[in-house]
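S.K.: Turn these sequences into a full structure, and let the hints guide you.
Number of protein chains: 2
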Amino acid sequence: MRIEILCTGDEILTGKTINTNYAHMAQRLGEAGLEVVWGTTVGDDRASLVSAFQQAAARADAVIVNGGLGPTVDDLSQEVAAEAAGVPLVLHEEWLARMEAFYLRRNRVMPANNRKQAMLPQGCEFIDNPIGTACGFAVSIDKARFYFTPGVPREMKKMLDEQIMPRLLARAGTPGVTRLKRFHSFGIGESRADEMLSDIEAMAPGVKLGFQAHYPQLETKLALRGATTAELDATLAPLEAEVRKRLGNFIVAEDTASLESVVLDRLRSLGGSLAVAESFTGGGIAARLLNVAGAEALFRRGVVSRDAAQLAATVGVAGADFSPALAEQVARALRDQSGASHAVAVLVTLDEGADGMQIGGDINIGLADAGGAVVRQARLLGGRDWVRLGAVEMGLDSLRRRLLGLPVDERLDFERR
Amino acid sequence: MRIEILCTGDEILTGKTINTNYAHMAQRLGEAGLEVVWGTTVGDDRASLVSAFQQAAARADAVIVNGGLGPTVDDLSQEVAAEAAGVPLVLHEEWLARMEAFYLRRNRVMPANNRKQAMLPQGCEFIDNPIGTACGFAVSIDKARFYFTPGVPREMKKMLDEQIMPRLLARAGTPGVTRLKRFHSFGIGESRADEMLSDIEAMAPGVKLGFQAHYPQLETKLALRGATTAELDATLAPLEAEVRKRLGNFIVAEDTASLESVVLDRLRSLGGSLAVAESFTGGGIAARLLNVAGAEALFRRGVVSRDAAQLAATVGVAGADFSPALAEQVARALRDQSGASHAVAVLVTLDEGADGMQIGGDINIGLADAGGAVVRQARLLGGRDWVRLGAVEMGLDSLRRRLLGLPVDERLDFERR
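Line by line, the protein sequences give chains A and B. To get the numbering used here, take the position in the first sequence, counting from 1, and add 13. To get the numbering used here, take the position in the second sequence, counting from 1, and add 13.
Don't read these hints as lab results, they were simulated from the structure. Do not rely on the hints blindly, as some may be mistaken.
Only some residues are given here: those of chain B computed to face chain A with a beta carbon under 10 Å [what the hints assert, rightly or not]: (1) Gly28; (2) Gly43; (3) Trp51; (4) Val55; (5) Ile144; (6) Tyr228; (7) Ser292; (8) Leu303; (9) Ala310; (10) Arg313; (11) Ser351.
In silico DSS-like links for lysine-lysine, alpha-carbon gap of 27 Å or less [what the hints assert, rightly or not]: (12) A:Lys170 x B:Lys194; (13) B:Lys170 x B:Lys29; (14) A:Lys156 x A:Lys194; (15) A:Lys171 x A:Lys29; (16) A:Lys170 x A:Lys258; (17) B:Lys29 x A:Lys29; (18) B:Lys29 x A:Lys194; (19) A:Lys29 x B:Lys234; (20) A:Lys29 x B:Lys221; (21) B:Lys258 x B:Lys234; (22) B:Lys170 x B:Lys221; (23) A:Lys129 x A:Lys194; (24) B:Lys171 x B:Lys29; (25) A:Lys156 x A:Lys170; (26) B:Lys194 x B:Lys156; (27) B:Lys29 x A:Lys221; (28) A:Lys29 x B:Lys194; (29) A:Lys221 x A:Lys171; (30) B:Lys258 x B:Lys221; (31) A:Lys29 x B:Lys129; (32) A:Lys234 x B:Lys29; (33) B:Lys29 x A:Lys171; (34) B:Lys194 x B:Lys221; (35) B:Lys171 x B:Lys234; (36) A:Lys156 x B:Lys194; (37) A:Lys234 x A:Lys221; (38) B:Lys129 x B:Lys170; (39) B:Lys171 x B:Lys129; (40) A:Lys221 x A:Lys258.
Think of the CB as a built atom: it goes at the ideal place given N, C-alpha and C, for glycine as much as any other residue.
M.R.: Next up, the structure:
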């Protein structure tokens with residue numbers, strides 16, 4: 014089945030908004046084995062829309078149209094869809110009632126122009142949007158089936174997963190449900206993960222293994238489809254166990270969890286709290302943690318300085334350079350001073366010279382808790398940003414490992430010693 | 014002139030890579046008054062490329078093709094371009110020699126498959142790429158002129174500005190040079206800036222005023238074109254002066270400078286140094302500053318805590334809540350303790366309750382320097398992230414204002430009191 018994604022809207026066409034909707038849709042479909050073969054972008058322009066619809070109908074079996082379902086005059090998708098399908102627009106009474114109820118629950122009166130969002134091509138298939146006022150719909154134009162989706166990312170994503178993909182899978186002759194299982198790891202490169210998991214796909218037919226590297230983390234994805242949710246659960250269980258076994262301690266989080274949320278959840282369950290000392294990472298570790306809702310109850314104190322003497326003085330010790338010994342001392346002193354159950358110090362000495370791939374950093378991580386203190390040493394290479402991002406991740410990951418009782422000094426693929 | 018952007022490559026088609034190249038190109042062209050009317054995305058697939066080229070040739074006057082100029086077998090742009098233009102591929106001796114010299118300078122031998130990058134459609138117009146091995150070229154297919162550009166963003170951007178845009182402007186009957194002047198402001202909303210500058214375009218023909226809001230900053234852009242660089246300088250000077258006068262103290266930086274680089278440059282020129290205390294911003298202020306190369310020489314210390322008593326204790330004062338008085342005390346104490354010439358404390362009390370648009374934060378900013386201390390109070394509304402981003406910006410901007418001798422408490426458009 015040839016699928017086309019047709020994105021509409023002046024904001025996208027002119028580049029004012031980066032088209033992340035396209036990337037999300039193409040990726041989700043690909044993960045389910047649905048191949049996108051063409052992408053088109055046009056603005057809020059009637060003539061362009063008409064010809065884009067006609068051309069897509071001639072090229073593809075299924076077309077997902079994104080955007081243009083809003084209440085304003087420049088939202089033309091329903092109108093042009095009706096024109097291209099050769100039918101009039103008719104009022105969808107049920108959707109109008111739903112919208113009015115939606116506004117009523119918010120103690121507001123529905124603006125008159127929202128009525129436009131309930132005008133759909135006669136005979137179309139209604140597609141629900143439980144979280145917005147732009148409903149979706151499907152019509153056939155020539156031999157292609159067109160699915161219309163809202164431009165608001167949150168609404169589009171939900172409609173794609175829950176409504177559009179089951180319809181596309183059924184149309185492709187493979188009806189059923191899909192699932193995407195994600196593992197986030199730190200310390201393994203994509204090519205090595207690929208090697209380690211090369212035979213996973215063979216363990217279950219129809220499972221698709223994929224990777225997405227966003228340094229310093231790697232995302233490993235298992236995409237499945239099956240007849241029922243129960244079947245997916247049964248297929249996935251042994252695969253999940255195998256991936257966990259092979260990637261082992263390098264898995265920092267799964268699905269929507271993050272390294273920092275795992276650290277905070279573990280701290281919370283231990284009844285603990287945290288203090289962090291940073292140098293070159295410049296508050297980046299504290300910021301990652303404090304972005305998580307509820308972190309404030311666990312994060313007691315952060316100190317930042319690029320100068321060893323300054324940083325040491327802040328916690329009442331003496332030090333002249335970012336040595337392993339100072340990392341341990343700072344962590345211990347910070348823990349005592351702040352009253353936190355756990356303290357981590359991430360001290361980085363960056364190479365001198367102009368920035369570039371040859372610039373590296375020596376990283377000393379000190380971890381202190383009721384059980385004493387440990388130090389993790391590492392060297393990363395690849396320029397300022399690379400070292401900084403890697404050091405933030407390594408600091409958080411060392412903390413995760415310590416909190417979970419895992420070895421803190423497992424060698425990372427991109428580490429130099 | 015109808016312009017189409019045609020993006021090629023499986024990474025883009027499948028959504029693995031978000032298509033930022035498209036947005037950059039469309040935006041740059043729009044700023045120069047060149048209108049993009051269509052966007053197409055296809056993969057590294059011969060049949061798709063051939064039909065995408067044919068369809069674009071039928072639709073547009075000018076087509077910019079991005080990607081597919083690499084040395085590997087899946088890079089098909091030259092080959093398909095030659096096929097569509099009805100000419101053979103021939104070796105461009107000069108480019109081959111340039112590539113060989115490029116490798117020689119790096120003490121490496123050019124891999125054999127790079128030769129492919131010098132195979133161009135016979136009779137095409139060569140387009141230079143001074144920073145990579147993928148040269149550009151232009152050919153005519155039907156009545157449309159096709160411009161081929163590399164997928165590497167840095168190379169594409171340079172080629173677009175220096176080579177493609179002058180050609181397109183000449184083709185559109187408006188030859189010359191273009192310039193984009195940018196002002197970054199904090200505290201003025203897009204609609205008010207639009208009002209304040211509404212008659213700027215009328216001051217000089219051909220000048221295009223544009224805005225891009227990326228909260229908490231607003232970017233105001235003047236796009237110009239003219240016959241020569243000297244002409245542009247002369248046109249721009251009075252416009253720049255007028256924008257600076259109207260947006261006044263709200264302009265935090267211009268062009269490639271940033272708020273944080275302006276703060277650090279000013280500190281450096283004063284021979285000063287800095288210490289920062291943060292609460293809810295969680296290291297975000299320190300991280301913004303320390304991301305700037307050379308910041309380490311000026312940034313002496315940062316402390317972070319969401320707990321008032323903890324934060325106060327870190328600098329040796331007593332405090333129970335994030336009051337204006339505590340902001341001043343912490344700034345003064347931190348300055349004394351760290352030996353920095355300037356200290357800023359940004360203390361935020363976030364509203365309680367579930368996150369949402371109704372959640373706000375009270376912001377107290379204390380600034381201490383040799384001249385004494387001042388406090389800036391503000392309230393922002395709009396949810397956790399909104400408040401945090403706003404507080405980071407307001408902390409940095411208050412510091413900028415203090416360093417430049419400007420009033421610290423000018424009211425912002427999105428502030429609630």
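S.K.: For the pair supplied as a hint, Lys29 of chain B and Lys221 of chain A, confirm whether the alpha-carbon distance does not exceed 27 Å.
M.R.: 15 Å, holds
S.K.: Checking one constraint from the list: CA of Lys221 of chain A to CA of Lys171 of chain A, max 27 Å. Satisfied?
M.R.: 22 Å, holds
S.K.: Does Lys221 of chain B lie within 27 Å of Lys194 of chain B when you go C-alpha to C-alpha?
M.R.: Between Lys194 of chain B and Lys221 of chain B the Cα gap is close to 10 Å, so the pair holds against 27 Å.
S.K.: Assess, step by step, whether the Cα of Lys171 of chain B is no farther than 27 Å from the Cα of Lys29 of chain B, and give holds or violated.
M.R.: Distance of about 24 Å is within 27 Å: holds.
S.K.: Mind checking the alpha carbons of Lys234 of chain A and Lys29 of chain B for me, to see if they're no more than 27 Å apart?
M.R.: 13 Å, holds
S.K.: Between Lys171 of chain B and Lys129 of chain B, is the straight-line Cα distance small enough, at 27 Å or below?
M.R.: Measuring from Cα to Cα gives roughly 22 Å; hence the hint holds.
S.K.: Against chain A, run the beta carbon of Ile144 of chain B and see if the smallest gap drops under 10 Å.
M.R.: With a minimum Cβ separation of about 15 Å from chain A (threshold 10 Å), the hint on Ile144 of chain B is violated.
S.K.: Holds or violated: are the alpha carbons of Lys29 of chain A and Lys129 of chain B at most 27 Å from each other?
M.R.: With Cα atoms ~35 Å apart, Lys29 of chain A and Lys129 of chain B exceed 27 Å; violated.
S.K.: Below or equal to 27 Å on CA atoms is what counts here, so check Lys234 of chain A against Lys221 of chain A.
M.R.: Roughly 8 Å separates the two Cα atoms, so the pair holds.
S.K.: Straight-line Cα separation of Lys29 of chain A and Lys194 of chain B no greater than 27 Å?
M.R.: 17 Å, holds
S.K.: Are the Cα atoms of Lys170 of chain A and Lys194 of chain B separated by 27 Å or less?
M.R.: 37 Å, violated
S.K.: Hint check: is the beta carbon of Val55 of chain B less than 10 Å from a beta carbon of chain A?
M.R.: 6 Å, holds
Of the numbered hints given earlier, the model fails hints 5, 6, 12, 14, 16, 23, 26, 31, 36; all others are met.
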